[in-house]
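Novice: Here are the chains, one letter per residue:
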Amino acid sequence: MSGAAGPGRAPLPCAARAAAALQLPGGAEAARPGVAVIDLRFPRGGAADVQEIVFKNFYTAFLSLRVQRAGPPGPRRWVTCLRDHRLMPSPHTEEGSQDYFSLRRHQMLCDMEQVTALRFILRQPSPAWLHFSIEELQVFPPAQKSPQQDFPSWLSQLTPPEQPASPHRELPDPEKVSTEVQQMWVLTEVIRARQAAARIGRFDVDGCYDVNLLSYT
Amino acid sequence: MAGSPPSPPAAKMAAYEKRRAAAAPAPAAGSGPAEPLGAAAGGGPGGEAEFLLRSGVTAMVREALLKVLEARPEEPVSFLADYFERLVLGGPGAAEAAAELPAPPQRLARALWYVRLAHHSHRTAFNNNISTAYEVLGASGRRRRPGVDGRLYSELLRRICQLGAAPQEVSGALLRRVQCRDHEAVPFDVFRYGVLTCFVLLEFVAKAHALYDVLDGGTGAADKRVCQAVLRTLEEALGGGDFSVPVRYLEAGSKLGPDCLALAMDRALQERKLSASMSREEFLKKATALFVAKVKPVD
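Sequence order for the protein chains is S and B. Sequential numbering of the first sequence, starting at 0, is according to numbering that gives the first Met the number 0. Sequential numbering of the second sequence, starting at 0, is according to numbering that gives the first Met the number 0.
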């Protein structure tokens, strides 16, 4: 699971605040509520489409995720897009405690377009672990270029963009021309495809030998 | 075969008789399939099927039929006549009898005949024939030094080019690219490629002729702008070397479609230039230059 980020992908630039433990009003510091929050924002208040979130767990048992999305002006709503996702099968034992996780768009409960902020809510009910968090948090956008945009125009356009408005009468028959030209093209490709691999092994250039190639033996 | 004169003179018939007599004891020693066949013919040891087997006629005729199927000649009779004539001239019997190999001109003629047997699109047959031709050319007599030298190879290519309607200038350009120097030993792969290129060039020239016929519309002089537009389109389709093979093929298919070509020709005609014509020779030269440029030179 580690390194789920593909080699060609770059994570979105974003700023994550350190995990803040939930404080009960007037509560003693020793009391550990077992809940922590990590807020993540994009630079300059920007918004981004989120495709995938990758992180390394550090003793968090359950993860909830809420997002704010760009919308009409006014107070933004937090929308829950992941609820109590289990990271450690048993909170008291080590399993899954330091694994890498990847959350993808299809696992989310809501759309992940034009997200302005993400809030990770971490829960660890077990008193066995003093600290818990998630690390190496990375947010990935959808693949930059959809394959369709990469197509050359000749492939997507079955008919040429502009038909000759008034074909000249003296124009040769395009069908016949096309047939012949295509066959000429095929013949040339045959020559290209069936090239000889062997070489004669000539050392001279334009009939002249390099003097260094001559040997006195 | 009805038209072929009963040319084998008495000497040859005698040779056949001798061979038959010599071959007779060998299969009798214990060749399995010969006996049941002979028995089936009901003729005992002198049965017809057995005779055909023993004299090698069965194998010979089968071979001839295979060659006919490979080559699919337009005139099978003359093809077969030619085939059997070659067989007599170059067969093992003749070689044994003469105990010396034919002189280079004959070897060249035989090699030329072999490479013409099958069309290059029948890849296996064509390659087989080329390798036979290579052996024929390479069997250099008593010196026991097999191999084809550049002189024979280049001469063979020149003769192939003379077969078609390719102008001297055109075939010369190709030959300069693929032929070898007289003293060079020609590896089979280079030989194969050279022969193939010459045949494909001939076909290319034929296609270019046909294309010119379409372009001139029966007037004998095609519009220069249209010719240039068509050739430019072909050049562009051939030039797309950046892509992998399937993409390049798709691209060429799109560019050389009737629509795109019509568009290119139409644009060319709309150019406000003096209307001139392009001669057939010039068109051929320009078209084949595109082809020759793609031929890998010998190095």
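For the record, the hints were derived by calculation from the structure and aren't laboratory data. Bear in mind that the values here come from a model prediction, so they are computed numbers and not experimental data. Among the hints, erroneous ones may be present.
As the list claims (entries may be wrong) - With a Cα cut of at most 20 Å, we get these calculated EDC-like pairs of lysine to aspartate or glutamate:
hint	chain 1	residue 1	chain 2	residue 2
1	B	223	B	47
2	B	284	B	202
3	B	254	B	234
4	S	175	B	265
5	B	254	S	135
6	B	293	B	202
7	S	55	S	83
8	B	285	S	188
9	B	223	S	172
10	B	295	B	235
11	B	293	B	215
12	S	175	B	215
13	B	285	B	188
14	B	284	B	235
15	B	284	B	188
16	B	295	S	188
17	B	295	B	212
18	B	254	B	265
19	B	295	B	258
20	B	284	B	250
21	S	175	B	258
22	B	293	B	212
23	B	284	S	135
24	S	55	S	174
25	B	254	S	83
26	S	175	B	212
27	S	175	B	202
28	B	293	S	174
29	S	55	S	38
30	S	175	B	234
31	B	295	B	215
32	B	254	S	172
Novice: If a hint holds in the structure, say so; if it does not, say that too.
Specialist: Cross-check of the supplied hints:
A hinted pair counts as satisfied when its Cα atoms are at most 20 Å apart, and residue 223 (chain B) with residue 47 (chain B) does not qualify at roughly 68 Å. In summary, the hint linking residue 284 (chain B) to residue 202 (chain B) is supported, as the alpha carbons are separated by about 14 Å, within the 20 Å threshold. The hinted pair formed by residue 254 (chain B) and residue 234 (chain B) meets the criterion: a straight-line CA distance of about 10 Å does not exceed 20 Å. Proposed proximity of residue 175 (chain S) and residue 265 (chain B) is supported: the alpha carbons are some 15 Å apart, at most 20 Å.
For the hint pairing residue 254 (chain B) with residue 135 (chain S), the CA-to-CA distance comes to about 50 Å; that exceeds 20 Å, so the pair is violated. For the proposed pair residue 293 (chain B) and residue 202 (chain B), the alpha carbon gap of about 15 Å is at most 20 Å, so the pair holds. Taken as a hint, the residue 55 (chain S) and residue 83 (chain S) pair is honoured in the structure, with Cα atoms around 17 Å apart against an allowance of 20 Å. Proximity of residue 285 (chain B) to residue 188 (chain S) is assessed by CA-CA distance (about 17 Å); at most 20 Å being required, the pair is judged to hold.
Simply put, residue 223 (chain B) and residue 172 (chain S) have alpha-carbon atoms about 16 Å apart, close enough for the 20 Å limit, and the pair holds. Proximity of residue 295 (chain B) to residue 235 (chain B) is assessed by CA-CA distance (about 19 Å); at most 20 Å being required, the pair is judged to hold. Between residue 293 (chain B) and residue 215 (chain B), the direct Cα distance comes to roughly 27 Å. Violation of the 20 Å bound is thereby established for this hinted pair. Note on residue 175 (chain S) and residue 215 (chain B): the hinted pairing holds, with a Cα-Cα distance of about 12 Å set against a maximum of 20 Å.
Simply put, residue 285 (chain B) and residue 188 (chain B) have alpha-carbon atoms about 28 Å apart, too far for the 20 Å limit, and the pair is violated. Proximity of residue 284 (chain B) to residue 235 (chain B) is assessed by CA-CA distance (about 17 Å); at most 20 Å being required, the pair is judged to hold. With a C-alpha separation of about 28 Å, the suggested pair residue 284 (chain B) and residue 188 (chain B) falls outside the 20 Å cut-off, and the hint is violated. At most 20 Å may separate the alpha-carbon atoms for a hinted pair to count; residue 295 (chain B) and residue 188 (chain S) meet this at roughly 12 Å.
Simply put, residue 295 (chain B) and residue 212 (chain B) have alpha-carbon atoms about 29 Å apart, too far for the 20 Å limit, and the pair is violated. Distance restraint check for residue 254 (chain B) and residue 265 (chain B): the Cα-Cα separation of roughly 15 Å lies within the 20 Å cut-off, and the hinted pair is therefore satisfied. Between residue 295 (chain B) and residue 258 (chain B) the alpha-carbon distance is near 32 Å, which puts this suggested pair outside the 20 Å criterion. Distance hint between residue 284 (chain B) and residue 250 (chain B) is unfulfilled; the C-alpha atoms sit about 25 Å from each other, more than 20 Å.
In summary, the hint linking residue 175 (chain S) to residue 258 (chain B) is supported, as the alpha carbons are separated by about 12 Å, within the 20 Å threshold. A C-alpha spacing of about 24 Å is found between residue 293 (chain B) and residue 212 (chain B), which places the hinted pair above 20 Å, so the restraint is violated. At roughly 66 Å between alpha-carbon atoms, residue 284 (chain B) and residue 135 (chain S) are farther apart than 20 Å, so this suggested pair is violated. Distance restraint check for residue 55 (chain S) and residue 174 (chain S): the Cα-Cα separation of roughly 62 Å exceeds the 20 Å cut-off, and the hinted pair is therefore not satisfied.
A distance of roughly 56 Å separates the Cα atoms of residue 254 (chain B) and residue 83 (chain S); the hinted pair therefore is violated under the 20 Å criterion. At roughly 10 Å between alpha-carbon atoms, residue 175 (chain S) and residue 212 (chain B) fall within 20 Å of each other, so this suggested pair holds. For the given pair, residue 175 (chain S) sits about 17 Å from residue 202 (chain B) by alpha-carbon distance, which is consistent with the 20 Å threshold. With a C-alpha separation of about 26 Å, the suggested pair residue 293 (chain B) and residue 174 (chain S) falls outside the 20 Å cut-off, and the hint is violated.
Proposed proximity of residue 55 (chain S) and residue 38 (chain S) is supported: the alpha carbons are some 16 Å apart, at most 20 Å. Note on residue 175 (chain S) and residue 234 (chain B): the hinted pairing holds, with a Cα-Cα distance of about 18 Å set against a maximum of 20 Å. Of the supplied pair hints, the one linking residue 295 (chain B) and residue 215 (chain B) is violated, its CA atoms being roughly 32 Å apart against a limit of 20 Å. Between residue 254 (chain B) and residue 172 (chain S) the CA atoms are separated by roughly 16 Å; this keeps the pair inside 20 Å, and the hint holds.
The structure shown violates the earlier hints numbered 1, 5, 11, 13, 15, 17, 19, 20, 22, 23, 24, 25, 28 and 31.
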